[in-house]
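A.B. asks: Each chain, written out:
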Amino acid sequence: MLCSRCNKKEAEITYKEYVEGKKVTLFLCRECAEELASGIRIIPEEEMIPHETLIKCNVCGTSLRDFRNNFLMGCPTCYDYFLPYFKEVFDRIIHRSYFNGERLKAENFTQFVESELQKLKQTLEELKEREEFKEAIKVRDRIRKLENILKWIS
Amino acid sequence: MDILKLIERVPDLFSETNGNIVQFVIYKYYRDLDGYKFPSKLSDEELKEIQRKVIEVAKELPMWENNFNIVETQQATTELTMILYERGILGSESLQRRNMALMFDESERHIIRVNERDHIKLIFRGAYSEMDEIGEESQIYVALLDRALNFAFKEGIGYLTSSPRYLGHALSISAMIHIPAIFLLGQIQNFSQILQRNLIVLSGLMDTTIQTYGAFVQIKITSFFDSFTETKTKMASTLEEIVELENQLRNLIYADRPVEVEDRIYKSLAILQSAKLLSLMETYEHLSNLRIGVDLGYIKDIHPGFFNEVFFRILPYHIKIYYGVPEDDLIKEAEMRALLIQELLDKYHYEG
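The listed protein sequences derive, respectively, from chains A and B.
Residue numbering for the first sequence follows this note's numbering, starting at 3 and increasing by one per position.
Residue numbering for the second sequence follows this note's numbering, starting at 53 and increasing by one per position.
Simulated from the structure, these hints should not be mistaken for laboratory data.
Just so we're clear, the structure is a prediction, and the values are computed from it rather than from any experiment.
Take every hint as true, because none was put in to throw you off.
DSSO-like cross-link-like pairs, simulated, lysine-lysine; straight-line CA separation at most 27 Å:
| # | chain 1 | residue 1 | chain 2 | residue 2 |
| --- | --- | --- | --- | --- |
| 1 | A | K89 | B | K272 |
| 2 | B | K399 | A | K140 |
| 3 | A | K107 | B | K206 |
| 4 | A | K121 | A | K140 |
| 5 | B | K57 | B | K399 |
| 6 | A | K147 | B | K111 |
| 7 | B | K328 | B | K399 |
| 8 | A | K89 | A | K58 |
| 9 | A | K89 | B | K286 |
| 10 | B | K105 | A | K153 |
| 11 | B | K286 | A | K107 |
| 12 | A | K136 | A | K147 |
| 13 | B | K111 | B | K93 |
Looking at chain A on its own, in the form it has when it is part of the complex (with noise of 0.2 Å):
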């Protein structure tokens, strides 16, 4: 099909805009598509294609096109080269790209512990006076469990 505004060259893109409010669509060659919107450049796809192949892990060679086509990372250092193409997206869907938690560290849980340990205790202490063996057990058990934990923190 030929441009429907010079008819000289083949119709590639689909144009589509509103005048005086109605839906009008031209089929345009690549000239004057560009001309139209304004001067923007479109981008062939055979220029897009090994821009996103080129840009890959020099740790595990993914490239770009990888991960966008299943969401998926090659290695932990993939994230310096492709977390910046979707941090907008992320602060869209999610609003935000950014993570203000910090690295589970065992011994930061210490005081937990022992505070649990401690109730457990008197808990325990309680169940015995009242004769209610069957959640005693459980009690008694948990605390084993807590003293290992401690144990194994320190």
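Could you slot chain B onto chain A? The hints should help.
C.D. replies: Same frame as chain A, now just chain B:
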């Protein structure tokens, strides 16, 4: 591993047996070792090295209490693989993975998958009432593993995993819920709105690709740059909202449509008690109706423990392997399912 014993085993997940809307919760942590590519980019040798390294450290963790199984999936029989899959110990993704290993304890509350999509997936499952406790404990185990294995982590991004969906704390929390009143009164839109508000999605039940069994649904949230507390708070508040909605609707049904509800419950009970053939989907539908009958007090002579035992045992491979049903004999499978249900109804019958 004795596969028949595994089939008969009632996992420790369903410790609450009465009146549950939230059946159980699952925490999953995704972790990768620093200095290694992610599993899809590793050679068989490298995968084996990761497997060896992780198991060596993980088997010492205090959570096992000296009781755990290790299964190398490549060496496992098809029967064992399918049983582990149906019980959510092995994921649907794991079925195609190379050099994958599994560690799990008898309670099926602690599971470690090695070399699935990430080097390590740590899974902690338990009853809804234990949600806080499991959350705290699971973090300690993950931290202990990190100390020995050094996970890939970057300030401002979080734990680096193969899928960016888990960035941040690299955590997902799922919950299995039973919401018959929401289904019965067509309140799915309200339910969906509750989920959408916190970016919570429906997920496959027990890591399978099936999304609902009767009115049993599994929902999931992923950390996606959030911290542990943020992720957990979103899930906990969502569950509270769902429980409130389901309870309101149950009260409404109880008040406005008692005959209709009673009819459903007793029809389902009659079918379960006397059917000769039961397909999986219809079984879950009737079980769901029966469950609401027990929860609302219409049926008083079935112990709620019935639902726990029946949950996995009626799944296709559980039936096929236990009763020796040929692979493609669906009629025999349905017949054995009906028989099993009736046996279990007898076992859990008691004088209310």
